[in-house]
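Protein chains: 2
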Amino acid sequence: MHTLTVAAPSHNYPIFIGQNLLAGLAGHIRPYIGKKAAVITNETVAPLYLAAVQTALDELGTEHFAVILPDGEQFKNWQSLNHIYDKLLENRAERGTTLIALGGGVIGDTVGFAAATYQRGAPFIQIPTTLLSQVDSSVGGKTAINHPLGKNMIGAFYQPQAVFADLDVLSTLPPREFAAGMAEVVKYGVLGDAEFLDWLEGNMAGLMAQQPDLLAQAVYHCCKMKAEIVAADETERGIRAWLNLGHTFGHAIEAEMGYGVWLHGEAVAAGMVLACRLAEQEGRLKAADTARIAALLQQAGLPAEPPHFPFERWIEHMRHDKKVSDGVMRFVGLDKLGRANITAVGDMEILRRVLQPYLPA
Amino acid sequence: MHTLTVAAPSHNYPIFIGQNLLAGLAGHIRPYIGKKAAVITNETVAPLYLAAVQTALDELGTEHFAVILPDGEQFKNWQSLNHIYDKLLENRAERGTTLIALGGGVIGDTVGFAAATYQRGAPFIQIPTTLLSQVDSSVGGKTAINHPLGKNMIGAFYQPQAVFADLDVLSTLPPREFAAGMAEVVKYGVLGDAEFLDWLEGNMAGLMAQQPDLLAQAVYHCCKMKAEIVAADETERGIRAWLNLGHTFGHAIEAEMGYGVWLHGEAVAAGMVLACRLAEQEGRLKAADTARIAALLQQAGLPAEPPHFPFERWIEHMRHDKKVSDGVMRFVGLDKLGRANITAVGDMEILRRVLQPYLPA
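Chains as they are written, first to last, in the UniProt record's numbering: chain A, 1 to 361; chain B, 1 to 361.
Source of the hints: derived by calculation from the structure; they are not laboratory data. Treat the hints with care, as some may be off.
As the list claims (entries may be wrong) - Across the chosen pairs, the derived CB separations fall in these ranges:
| # | chain 1 | residue 1 | chain 2 | residue 2 | range |
| --- | --- | --- | --- | --- | --- |
| 1 | A | D58 | B | E349 | 32 to 38 Å |
| 2 | A | N91 | B | H11 | 29 to 35 Å |
| 3 | A | A194 | B | W78 | 46 to 52 Å |
| 4 | A | D198 | B | W78 | 48 to 54 Å |
| 5 | B | E349 | A | T3 | 45 to 51 Å |
| 6 | B | E201 | A | D58 | 55 to 61 Å |
| 7 | B | P310 | A | P9 | 44 to 50 Å |
| 8 | B | E349 | A | N82 | 34 to 40 Å |
Stated by the list, open to error - These stretches of chain B come out as covered by chain A in the derived footprint (C-beta under 8 Å, 3 or more residues):
| # | segment |
| --- | --- |
| 9 | 149 to 156 |
| 10 | 321 to 328 |
Said to hold, decoys possible - Some chain B residues close to chain A (C-beta under 7 Å, calculated; not the full set):
| # | residue |
| --- | --- |
| 11 | K35 |
| 12 | L89 |
| 13 | N91 |
| 14 | E94 |
| 15 | R95 |
| 16 | G96 |
| 17 | T117 |
| 18 | R120 |
Remember, predicted model here, so these are calculated numbers, not experimental data. Ideal placement from N, C-alpha and C gives every residue a C-beta, glycine not left out.
So that you can see chain A by itself, here it is in the shape it has in the complex (with noise of 0.2 Å):
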């Protein structure tokens, strides 16, 4: 088992990633826990795994009661939000109550976000079950849920006791979603150093086969490099910001699908690959560049193009991410693989050429 610890400003936590660690939770997870305790999962987790954590509880004496919600990206909004504290209040959780997510990003971000409003805020868990939440959205404390008009409009930075990242729990994950998460991992390779990125594209057949001790490899590198980032700058107010890499094309595509059509890792995956060619465009990037990061995306099994929609929706759903400032559109660019930079874009033709192959005649 590894342990690294974020030192984010607001709040000191472990995470811990090995194998076999929902077996042996009870132990693991003592330290992190109160007397009571709900854990809140979906029904696609619940028949997995929902049983070792209460397993875990019952052997530590702690009073817990399950919240499962239907699963998939379109469910993390308002209605599932208020479920989550309906049932908090008819259990009559406490202040002090531990809520456990159990499941991938869209039950860590909606439980995250329940922990930082219930009461004002109570202590929360992530055991994070899909490869893109054990490799990214588990670690740092964003916390969210959609709405009609964009994705985590609503949330909250709001840091976990701990987190638990057991890699036996990938084995059932199906193929798509593990391909989604694998996404992420190569987001931290274009940002991070290229010793890593030689190191995934050598490696990226042993991943897609779930060779253990590989994985637990990646999953550590890249909750390092997150943790890292998130200490440095916890709110976003900076370098944050980088991991958001082919996040604002991605969130336009997600959006314009329907949430959970494309899954979020799929649409960061064409994303990112359109912010190779606005990197491009701006003489930043070399076209060899961009055609090995999707490369190394399609071996992963991930679209490396994005669907086709008209211009003006992209921008329509552009203009509602996070990053717009005094109106001007930034997205996360590239100086070169291995260096980030935040790009303010105020001339829509550059985005037009960008998009343009992918514009319906």
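Starting from the structure of chain A, add chain B where the hints point.
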């Protein structure tokens, strides 16, 4: 004009207290406002003061739009919050857009929570227009909305950029609202030094007649006490809970009668007398002390007794209180006038004795 600073651990900010603040708002507000603002108010306050705020924003060249909610505690809910989110997104409010809360405690709490959660945190300014919000709720960063099962159940600690308390606006307050605000002033009298309580007893008639110099002194003193308490304990781990004196009983009254039927301050007034009687039951307070507080509240035109409803209903409401821990109800109690405590009440018979005079036959 008086100025106070709230030195909250998360964030320092000023409170401006004085007459004629709205007339000169542009000059006062300039350092705290960006290029875009949303003024959020209610149907009662908008006809009175919205134009003054809009004029100030026009003077500053700040782009702005207004959101007008229905008036009343019963609208401190999801629907209002969602309406704010919708309007913010429709009007392309950004993460840097300033939300201005123009109204009483309901507006301040709701807008504060919207600011805490819009794009994971937008700046906001409080312009409290009721006595209650000027002396208490606009200061300290407690934001929340109600849930059908409990008051202020969903919220966050999130500090404003600045608070502007214009004493002149109190002249348009309905007498019942003004009196309700006086309940929180009396609360500071009960919690504070003997001198302030004596001063209140000596000047309640003048305060109720809204003598400007007396009002300024009272608002300043209450804000100063609150600022000190918030600086010591921003997120209510300790002494900040004392400010909830009378509120556990009061919230039960509000919930039982239906939000908005008893005003928050009226319920807190009756609740404070019940808190005194609880302290009597525990042998900490003399009946004469309770009588003194009840008399002061009555001088302010406030109820010193709660409405009558069954014991089981009291318990049902109070079980959802945020101070409940490990299933045990906790109340803000009094060791003596001027010194509060947190009293765990495991024995329901003590509560029954306190409430006995107000239970249906």
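Verification of the supplied hints:
no.	hint	result
1	D58/A / E349/B: 32 to 38 Å	holds (34 Å)
2	N91/A / H11/B: 29 to 35 Å	holds (34 Å)
3	A194/A / W78/B: 46 to 52 Å	holds (49 Å)
4	D198/A / W78/B: 48 to 54 Å	holds (50 Å)
5	E349/B / T3/A: 45 to 51 Å	holds (50 Å)
6	E201/B / D58/A: 55 to 61 Å	holds (57 Å)
7	P310/B / P9/A: 44 to 50 Å	holds (49 Å)
8	E349/B / N82/A: 34 to 40 Å	holds (37 Å)
9	149 to 156	holds (count 7)
10	321 to 328	holds (count 6)
11	K35	holds (6 Å)
12	L89	holds (4 Å)
13	N91	violated (11 Å)
14	E94	holds (5 Å)
15	R95	holds (5 Å)
16	G96	holds (6 Å)
17	T117	holds (5 Å)
18	R120	holds (5 Å)
Hint check: a violation occurs at hint 13 only; the rest are consistent with the structure.
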